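S.K.: Sequence:
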Amino acid sequence: MTPDALDPPPPAARLAVTVRLAGHGDVPALQRIEAEAAAVFAPSDLPPALAQPMDAAELERLVAGGLVWVAQDEHGAALGFVACETVGRALHVAEMDVVPGAARRGIGSALLRQAIDHAEGADTLDVVTLTTFRHLPWNAPFYGRHGFRPLAAGGGFEHLSAALARERTRGLKNRVAMARKAG
1 MTPDALDPPP PAARLAVTVR LAGHGDVPAL QRIEAEAAAV FAPSDLPPAL AQPMDAAELE
61 RLVAGGLVWV AQDEHGAALG FVACETVGRA LHVAEMDVVP GAARRGIGSA LLRQAIDHAE
121 GADTLDVVTL TTFRHLPWNA PFYGRHGFRP LAAGGGFEHL SAALARERTR GLKNRVAMAR
181 KAG
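Residue numbers for the sequence shown, in full-length UniProt numbering: 1 to 183.
Read the hints as simulated data drawn from the structure, not as lab findings.
Being a predicted model, the structure only gives us computed values, none of them experimental.
Here a beta-carbon is modelled for each residue, glycine too, at the ideal position from N, C-alpha and C.
The reader is advised that the hints may include incorrect statements.
Label pairs and their in silico Cβ distance ranges [unchecked claim]:
no., residue 1, residue 2, range
1, Arg134, Arg113, 28 to 34 Å
2, Pro47, Thr124, 24 to 30 Å
3, Ala51, His159, 31 to 37 Å
4, Arg14, Arg149, 24 to 30 Å
5, Arg170, Thr86, 21 to 27 Å
6, Gly88, Gly147, 17 to 23 Å
7, Arg14, Thr169, 25 to 31 Å
8, Pro137, Asp55, 16 to 22 Å
9, Arg149, Ala57, 30 to 36 Å
10, Ala39, Arg134, 18 to 24 Å
11, Glu74, Arg168, 40 to 46 Å
12, Gly156, Ala39, 32 to 38 Å
Produce the complete structure using the sequences and hints provided.
M.R.: Structure (C-alpha coordinates):
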(Lines of atoms letter the chains of each structure in order from A and count residues from 1; the text may use other names and numbers.)
(Lines give C-alpha, C1' and ligand atoms only; values in the text may rest on other atoms or scores of the structure.)
Protein backbone atom coordinates (compact mmCIF):
# COMPACT_ATOMS: atom_id res chain seq x y z
CA MET A 1 0.00 0.00 0.00
CA THR A 2 1.40 3.38 -0.92
CA PRO A 3 -0.88 6.22 0.12
CA ASP A 4 0.40 9.62 1.22
CA ALA A 5 3.65 9.63 3.18
CA LEU A 6 4.07 11.05 6.69
CA ASP A 7 3.96 14.75 5.82
CA PRO A 8 1.33 15.82 3.31
CA PRO A 9 2.52 18.21 0.60
CA PRO A 10 1.38 21.80 0.45
CA PRO A 11 -2.05 22.22 -1.16
CA ALA A 12 -0.57 23.49 -4.44
CA ALA A 13 1.16 20.14 -4.93
CA ARG A 14 -2.02 18.11 -4.51
CA LEU A 15 -3.47 16.55 -7.63
CA ALA A 16 -7.07 17.13 -8.59
CA VAL A 17 -8.60 13.68 -8.88
CA THR A 18 -12.03 12.22 -9.31
CA VAL A 19 -12.84 9.15 -7.25
CA ARG A 20 -15.31 6.85 -8.96
CA LEU A 21 -16.59 3.32 -8.61
CA ALA A 22 -14.41 0.83 -10.48
CA GLY A 23 -15.79 -1.23 -13.33
CA HIS A 24 -14.64 -4.55 -14.75
CA GLY A 25 -12.74 -2.71 -17.49
CA ASP A 26 -10.52 -1.15 -14.80
CA VAL A 27 -8.99 -4.46 -13.68
CA PRO A 28 -5.84 -4.21 -15.87
CA ALA A 29 -5.21 -0.66 -14.61
CA LEU A 30 -5.69 -1.80 -10.99
CA GLN A 31 -3.12 -4.54 -11.52
CA ARG A 32 -0.69 -2.03 -13.06
CA ILE A 33 -1.15 0.38 -10.16
CA GLU A 34 -0.61 -2.37 -7.60
CA ALA A 35 2.55 -3.60 -9.36
CA GLU A 36 3.99 -0.07 -9.57
CA ALA A 37 3.18 0.61 -5.92
CA ALA A 38 4.79 -2.67 -4.82
CA ALA A 39 8.06 -1.60 -6.43
CA VAL A 40 8.69 1.02 -3.72
CA PHE A 41 8.85 -1.59 -0.95
CA ALA A 42 12.21 -2.94 0.15
CA PRO A 43 12.58 -6.70 -0.45
CA SER A 44 12.89 -7.14 3.33
CA ASP A 45 9.33 -5.80 3.68
CA LEU A 46 7.77 -7.21 0.54
CA PRO A 47 9.72 -10.14 -0.89
CA PRO A 48 9.72 -10.13 -4.72
CA ALA A 49 7.64 -13.32 -4.80
CA LEU A 50 4.89 -11.47 -2.93
CA ALA A 51 5.16 -8.23 -4.91
CA GLN A 52 2.82 -9.47 -7.64
CA PRO A 53 -0.58 -7.81 -8.07
CA MET A 54 -3.78 -9.62 -7.19
CA ASP A 55 -4.90 -11.96 -9.91
CA ALA A 56 -7.58 -10.70 -12.25
CA ALA A 57 -10.22 -13.10 -10.88
CA GLU A 58 -9.81 -11.76 -7.33
CA LEU A 59 -9.99 -8.17 -8.54
CA GLU A 60 -13.06 -9.02 -10.64
CA ARG A 61 -14.70 -10.47 -7.51
CA LEU A 62 -13.96 -7.31 -5.52
CA VAL A 63 -15.14 -5.02 -8.33
CA ALA A 64 -18.36 -7.05 -8.63
CA GLY A 65 -18.96 -6.37 -4.93
CA GLY A 66 -19.25 -2.64 -5.71
CA LEU A 67 -16.66 -1.59 -3.15
CA VAL A 68 -13.65 -0.72 -5.32
CA TRP A 69 -12.99 2.93 -6.11
CA VAL A 70 -10.47 4.41 -8.56
CA ALA A 71 -8.84 7.85 -8.40
CA GLN A 72 -8.28 9.31 -11.84
CA ASP A 73 -6.75 12.56 -13.03
CA GLU A 74 -8.41 15.10 -15.33
CA HIS A 75 -7.32 13.07 -18.37
CA GLY A 76 -8.92 9.88 -17.05
CA ALA A 77 -5.64 8.20 -16.09
CA ALA A 78 -6.04 5.88 -13.09
CA LEU A 79 -3.59 6.89 -10.35
CA GLY A 80 -4.76 4.82 -7.39
CA PHE A 81 -7.47 2.58 -6.03
CA VAL A 82 -8.96 1.23 -2.84
CA ALA A 83 -10.56 -2.22 -2.82
CA CYS A 84 -12.87 -3.08 0.07
CA GLU A 85 -15.20 -5.85 1.09
CA THR A 86 -17.72 -6.29 3.87
CA VAL A 87 -16.98 -8.76 6.62
CA GLY A 88 -19.87 -8.85 9.06
CA ARG A 89 -20.38 -5.26 10.22
CA ALA A 90 -16.90 -4.20 9.06
CA LEU A 91 -15.80 -2.58 5.83
CA HIS A 92 -12.39 -4.14 5.29
CA VAL A 93 -9.80 -2.36 3.15
CA ALA A 94 -8.31 -5.30 1.28
CA GLU A 95 -5.90 -3.21 -0.82
CA MET A 96 -5.06 0.43 -1.40
CA ASP A 97 -2.39 1.62 -3.81
CA VAL A 98 -1.24 4.82 -5.48
CA VAL A 99 1.25 4.98 -8.34
CA PRO A 100 4.60 6.20 -6.96
CA GLY A 101 4.73 9.21 -9.30
CA ALA A 102 1.52 10.54 -7.75
CA ALA A 103 2.25 9.63 -4.11
CA ARG A 104 2.08 12.28 -1.38
CA ARG A 105 -0.39 14.34 -3.39
CA GLY A 106 -3.64 13.60 -1.56
CA ILE A 107 -4.77 10.61 -3.62
CA GLY A 108 -4.49 8.05 -0.82
CA SER A 109 -6.41 10.40 1.46
CA ALA A 110 -9.17 10.86 -1.12
CA LEU A 111 -9.50 7.12 -1.65
CA LEU A 112 -9.54 6.35 2.05
CA ARG A 113 -12.09 9.12 2.63
CA GLN A 114 -14.34 7.48 0.02
CA ALA A 115 -14.18 4.16 1.85
CA ILE A 116 -14.81 5.80 5.23
CA ASP A 117 -17.71 7.84 3.84
CA HIS A 118 -19.24 4.68 2.40
CA ALA A 119 -19.01 2.93 5.78
CA GLU A 120 -20.43 5.94 7.60
CA GLY A 121 -23.40 6.05 5.22
CA ALA A 122 -24.22 2.36 5.57
CA ASP A 123 -26.50 1.33 8.43
CA THR A 124 -24.99 -2.16 8.35
CA LEU A 125 -21.36 -1.11 8.96
CA ASP A 126 -19.86 -0.11 12.30
CA VAL A 127 -16.12 -0.14 11.64
CA VAL A 128 -13.47 0.14 8.91
CA THR A 129 -10.58 -2.33 9.23
CA LEU A 130 -7.29 -3.10 7.49
CA THR A 131 -3.86 -4.64 7.90
CA THR A 132 -0.71 -2.74 6.99
CA PHE A 133 2.97 -2.33 7.72
CA ARG A 134 3.59 -0.96 11.19
CA HIS A 135 6.88 0.82 10.48
CA LEU A 136 6.50 2.49 7.07
CA PRO A 137 5.44 6.16 7.10
CA TRP A 138 3.00 5.71 4.22
CA ASN A 139 1.32 2.81 6.03
CA ALA A 140 0.34 2.72 9.75
CA PRO A 141 1.22 6.39 10.47
CA PHE A 142 -0.82 7.47 7.41
CA TYR A 143 -3.85 5.49 8.58
CA GLY A 144 -3.37 6.80 12.12
CA ARG A 145 -3.81 10.35 10.82
CA HIS A 146 -7.17 9.22 9.45
CA GLY A 147 -8.45 7.92 12.78
CA PHE A 148 -7.31 4.30 12.59
CA ARG A 149 -5.87 2.76 15.74
CA PRO A 150 -3.64 -0.32 16.03
CA LEU A 151 -5.24 -3.44 17.44
CA ALA A 152 -3.47 -6.14 19.42
CA ALA A 153 -3.63 -9.51 17.59
CA GLY A 154 -6.61 -8.57 15.45
CA GLY A 155 -8.47 -6.81 18.26
CA GLY A 156 -11.21 -9.42 18.49
CA PHE A 157 -11.98 -9.25 14.76
CA GLU A 158 -11.74 -12.77 13.41
CA HIS A 159 -11.06 -11.60 9.85
CA LEU A 160 -8.12 -9.46 11.02
CA SER A 161 -6.60 -12.28 13.07
CA ALA A 162 -6.92 -14.57 10.03
CA ALA A 163 -5.41 -11.94 7.72
CA LEU A 164 -2.42 -11.42 10.01
CA ALA A 165 -1.89 -15.19 10.23
CA ARG A 166 -1.99 -15.51 6.41
CA GLU A 167 0.46 -12.62 6.07
CA ARG A 168 2.87 -14.22 8.56
CA THR A 169 2.65 -17.53 6.67
CA ARG A 170 3.53 -15.69 3.45
CA GLY A 171 6.62 -14.18 5.10
CA LEU A 172 5.38 -10.65 5.79
CA LYS A 173 6.73 -9.06 8.97
CA ASN A 174 6.00 -5.87 10.88
CA ARG A 175 2.28 -6.11 10.12
CA VAL A 176 -0.45 -4.59 12.25
CA ALA A 177 -4.25 -4.67 12.22
CA MET A 178 -5.97 -1.30 12.49
CA ALA A 179 -9.57 -0.12 12.80
CA ARG A 180 -11.65 3.02 13.14
CA LYS A 181 -15.30 3.47 13.93
CA ALA A 182 -17.62 4.23 11.06
CA GLY A 183 -19.37 7.39 12.15
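S.K.: Please write out, lowest number first, the hints stated earlier that are contradicted by the structure.
M.R.: 1, 2, 3, 7, 8
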